[in-house]
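Novice: Sequence:
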Amino acid sequence: MSDVAGTTSRGSCPVHGMGNRPSPYYHETMYAELAQARRDEPVFYSPETGYWIVTRYDDAMAILHDHDRISSENTSDSASPVHQDAIDIMKAGNFTAEKVQSNCDGERHTRVRNASAQLLNIRTFTAMEPAIRDLVTKALDRLEGRQSADLLADLTYELPAQVLFLLLGIPQEDMDKVKAWSGTRTILNFSPSTYEQQIAGARDMVAYWQYCVDLVRKRMESPGDDVVSGLLRVRNGDDSILTLNELTTVVYGLVFAGHETTTSQLTNAFRALLTYRDNWEAICADTSLIPFAVEETFRYCGAVIGWRRRAKTAIEIGGVTIPAGGNIILSFGSANRDEKHFEEPERFDVRRKNARKHLTMGNGKHVCLGAPLARLEMKIVLEEFTRRFPNVRLAENAKVEHAYTYVFRAPRSLPVELR
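So the sequence shown is numbered by UniProt numbering: it starts at 1 and just counts up by one.
It is worth saying that the hints were derived from the structure and are not from the lab. Errors might be hidden in some of the hints.
Below, in silico cross-link-like pairs of lysine-lysine (DSS-like), each with a Cα-Cα straight-line distance of 30 Å or less [claimed, not checked]:
| no. | residue 1 | residue 2 |
| --- | --- | --- |
| 1 | Lys379 | Lys138 |
| 2 | Lys177 | Lys399 |
| 3 | Lys365 | Lys340 |
| 4 | Lys312 | Lys399 |
What follows is a list of derived Cβ distance ranges for each label pair [stated by the list, open to error]:
| no. | residue 1 | residue 2 | range |
| --- | --- | --- | --- |
| 5 | Thr110 | Ala285 | 41 to 51 Å |
| 6 | Pro81 | Arg133 | 43 to 53 Å |
| 7 | Glu144 | Tyr195 | 45 to 55 Å |
| 8 | Ile241 | Glu343 | 39 to 49 Å |
| 9 | Pro323 | Glu48 | 17 to 27 Å |
| 10 | Gln118 | Asp58 | 44 to 54 Å |
| 11 | Arg388 | Ala153 | 10 to 20 Å |
Small disclaimer: the values here were computed from a predicted structure and weren't measured. Glycine is no exception: its CB is placed at the ideal position from the N, C-alpha and C atoms.
Input sequences plus hints: build the corresponding full structure.
Specialist: Encoded structure:
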């Protein structure tokens, strides 16, 4: 139940200047407001979210590495209080997802992560490169002959999920329902949700969980060379390595996290590269710049703009005391533009030397295991796209809107002219 039933406790906290800023869900002025916060109020309380917002790089890094006083247990908690009716639906549906990785601390986190890392590693991902390139080639084939496209709908929406499905051994024909469940989970965990959304979402999460239970059961009966089968081999029937429910929860997490952020990151990357056209032309002329471009897009327009933590005890951060139990958002979107660490941070530059210092994939014990796969996918997409569509441009007067969440920067479309 923890994946959805965990919820933010707002409490009573002081509200100063930045706490009265426009909604943290509003993306259009986000970076300018965060720059002001870094200067004037680097740690502030947001009454709309019930979280303390930490905006400076050094403070965010300190929290990421402070496991004695800081917990990650609230990472995937619901952004709105969960109604008992939704909880009851999930209980009745045998939804038993646990806190095992990004929202887990201590020995259990280490044990589950170590087991998962035996499959989710550079060796596994590198072996997928030919298959990923084939998927990218086929996706771009479908764009040939067209004058325009929506890069989200026509390329980045499905492609990362197709890669994930290969990794996990999920049938490609399950795309629509898996993407729909992922969208529901984003609403429940990372956006404000209404009663109606929670009830519908609870039913979806029961179906989503049962799908993962069935997937694990099928691999137990008929193992393959996919990650789910590999996790079962690592477990080898030994609950001290992974319980079956923990393993299923890992799969449940991967089916969501393994593609949603990559979809957004790819879309953000195209938007930045095409907005600052000299950077696009640079990687078209010299593809050796593409890995650097990937890192700069993670820094400049990361798909993960905020990550959550909770204070176990009262702590002082940036001259502000956060009370015990206080919920915290590490503003990666702000930290990645901290002037102390990045020269001219508001400038997008694929030749930036230290872009990889970004925090978009986290840092320390909880750094994203799938980061090498996301980097590989982005590299391949940009290599193939620059070769086949070097003249692509943003559609004139196209307005890009974002999903209503303070955790992810997720565009809803990206219209372009291909020729």
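Novice: Now look at each hint and say whether the structure bears it out.
Specialist: Verification of the hints:
Among the hinted pairs, lysine 379 with lysine 138 is consistent with the structure: their alpha-carbon atoms are about 16 Å apart, no more than 30 Å. Taking the CA atoms of lysine 177 and lysine 399, the gap is about 28 Å. The hint holds against a cut of 30 Å. Simply put, lysine 365 and lysine 340 have alpha-carbon atoms about 24 Å apart, close enough for the 30 Å limit, and the pair holds. Note on lysine 312 and lysine 399: the hinted pairing is violated, with a Cα-Cα distance of about 42 Å set against a maximum of 30 Å.
Range check, threonine 110 to alanine 285: Cβ separation about 45 Å, and the 41 to 51 Å hint holds. A beta carbon spacing of about 45 Å between proline 81 and arginine 133 agrees with the range 43 to 53 Å that was offered as a hint. Taking the beta carbon of each, glutamate 144 and tyrosine 195 are about 47 Å apart, inside 45 to 55 Å as hinted. Between isoleucine 241 and glutamate 343 the C-beta distance comes to about 46 Å, which sits within the given range of 39 to 49 Å.
Under the hint 17 to 27 Å, the C-beta atoms of proline 323 and glutamate 48, about 18 Å apart, fit the expected range. A C-beta distance of roughly 33 Å is found between glutamine 118 and aspartate 58, which places it outside the suggested range of 44 to 54 Å. A beta carbon spacing of about 18 Å between arginine 388 and alanine 153 agrees with the range 10 to 20 Å that was offered as a hint.
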